[in-house]
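Following the numbering used here, the numbering of the sequence shown begins with 1 at its first residue and continues without gaps.
Since the hints were derived computationally from the structure, they do not count as laboratory data. None of these values were measured; they are calculated from a predicted model. Cβ atoms here follow ideal geometry from the backbone N, Cα and C, with glycine treated the same way. Be a bit skeptical, because a hint or two may be false.
[Unchecked claim] The following label-pair restraints were derived from C-beta to C-beta distances:
{"#": "1", "residue 1": "Tyr140", "residue 2": "Arg281", "range": "15 to 25 Å"}
{"#": "2", "residue 1": "Arg213", "residue 2": "Glu314", "range": "36 to 46 Å"}
{"#": "3", "residue 1": "Lys214", "residue 2": "Phe83", "range": "17 to 27 Å"}
[What the hints assert, rightly or not] PhoX-like cross-link-like pairs, simulated, lysine-lysine; straight-line CA separation at most 25 Å:
{"#": "4", "residue 1": "Lys211", "residue 2": "Lys156"}
{"#": "5", "residue 1": "Lys56", "residue 2": "Lys104"}
{"#": "6", "residue 1": "Lys32", "residue 2": "Lys63"}
{"#": "7", "residue 1": "Lys156", "residue 2": "Lys32"}
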Amino acid sequence: MLGPQVWSSVRQGLSRSLSRNVRGWASGEGKKVDIAGIYPPVTTPFTATAEVDYGKLEENLHKLGTFPFRGFVVQGSNGEFPFLTSSERLEVVSRVRQAMPKNKLLLAGSGCESTQATVEMTVSMAQVGADAAMVVTPCYYRGRMSSAALIHHYTKVADLSPIPVVLYSVPANTGLDLPVDAVVTLSQHPNIVGMKDSGGDVTRIGLIVHKTRKQDFQVLAGSAGFLMASYALGAVGGVCALANVLGAQVCQLERLCLTGQWEDAQKLQHRLIEPNAAVTRRFGIPGLKKMMDWFGYYGGPCRAPLQELSPAEEEALRMDFTSNGWL
Numbered sequence: 001m002l003g004p005q006v007w008s009s010v011r012q013g014l015s016r017s018l019s020r021n022v023r024g025w026a027s028g029e030g031k032k033v034d035i036a037g038i039y040p041p042v043t044t045p046f047t048a049t050a051e052v053d054y055g056k057l058e059e060n061l062h063k064l065g066t067f068p069f070r071g072f073v074v075q076g077s078n079g080e081f082p083f084l085t086s087s088e089r090l091e092v093v094s095r096v097r098q099a100m101p102k103n104k105l106l107l108a109g110s111g112c113e114s115t116q117a118t119v120e121m122t123v124s125m126a127q128v129g130a131d132a133a134m135v136v137t138p139c140y141y142r143g144r145m146s147s148a149a150l151i152h153h154y155t156k157v158a159d160l161s162p163i164p165v166v167l168y169s170v171p172a173n174t175g176l177d178l179p180v181d182a183v184v185t186l187s188q189h190p191n192i193v194g195m196k197d198s199g200g201d202v203t204r205i206g207l208i209v210h211k212t213r214k215q216d217f218q219v220l221a222g223s224a225g226f227l228m229a230s231y232a233l234g235a236v237g238g239v240c241a242l243a244n245v246l247g248a249q250v251c252q253l254e255r256l257c258l259t260g261q262w263e264d265a266q267k268l269q270h271r272l273i274e275p276n277a278a279v280t281r282r283f284g285i286p287g288l289k290k291m292m293d294w295f296g297y298y299g300g301p302c303r304a305p306l307q308e309l310s311p312a313e314e315e316a317l318r319m320d321f322t323s324n325g326w327l
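Whole structure, please, built from the sequences with the hints as guidance.
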């Protein structure tokens with residue numbers, strides 16, 4: 001059971017959420033938060049001794065803050081959140097809130113394996129400044145994570161969260177797709193505002209947009225590699241790892257899609273596919289951090305057990321960017 005202090009925080013947070021609308025809480029007219037736009041999923045910088053480097057985190061944020069992002073995602077997969085302690089997760093979100101522009105949205109990953117732990121983490125994320133909680137699917141017992149189990153999990157979290165909830169499906173990491181029927185049911189919850197889908201199946205994204213069209217529910221593409229296709233099917237934005245190094249270009253792709261310049265959008269999308277794959281599926285977070293070092297940010301080391309790229313991998317990564325004119 002949740003302790004008395006947590007329950008008190010939940011009640012206080014819910015009271016605040018009914019009246020606050022500056023950064024996207026439900027308004028008096030019942031409108032949910034608008035999460036449309038591009039978000040870089042912020043990496044967590046570490047020192048050579050594997051401590052969180054908060055100074056470098058703030059430096060990266062100041063540089064990223066010059067781009068027209070809607071906001072930032074913190075403690076997503078690119079933030080290496082499974083490797084952080086609970087106190088580190090909260091401190092990172094707190095530092096990001098202090099360093100980022102006040103007019104940007106802060107989406108904080110609060111997912112844990114149990115519903116109770118997720119509720120507690122979500123409440124804590126709200127207390128340190130998160131505008132919305134991005135909740136990844138629990139997956140350790142994936143064989144039992146049926147639609148019913150996931151609907152129950154997300155409903156409880158959303159019921160008790162003092163901030164809006166964004167569903168997060170990332171099957172490459174969890175081995176679990178959030179079922180479409182569960183998404184449709186959860187889209188009707190007044191405190192569930194949308195979803196980040198990182199699976200890369202654009203037909204699924206289109207189906208979710210279609211089946212939730214009567215709800216105030218928004219879909220974000222989980223990667224720049226299928227951003228244009230997702231916009232064409234009704235998505236409203238993206239959480240794109242590539243935006244950490246090619247922020248201007250990802251935002252340009254957004255503008256081209258929103259203004260209907262599909263031919264130019266297609267040309268740009270084609271140039272982003274290979275480098276995006278390199279920093280997501282091919283080389284992952286070590287590849288993204290290496291690219292950040294090359295593009296004037298601080299990437300630095302990952303936390304073990306993630307390892308640095310080999311010289312051959314580093315050269316292949318460089319070629320993916322060079323061949324498309326980015327280096």
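Results of checking the hints against the structure:
no.	hint	result
1	Tyr140 / Arg281: 15 to 25 Å	holds, 22 Å
2	Arg213 / Glu314: 36 to 46 Å	holds, 45 Å
3	Lys214 / Phe83: 17 to 27 Å	violated, 40 Å
4	Lys211 / Lys156	holds, 22 Å
5	Lys56 / Lys104	holds, 20 Å
6	Lys32 / Lys63	violated, 30 Å
7	Lys156 / Lys32	holds, 18 Å
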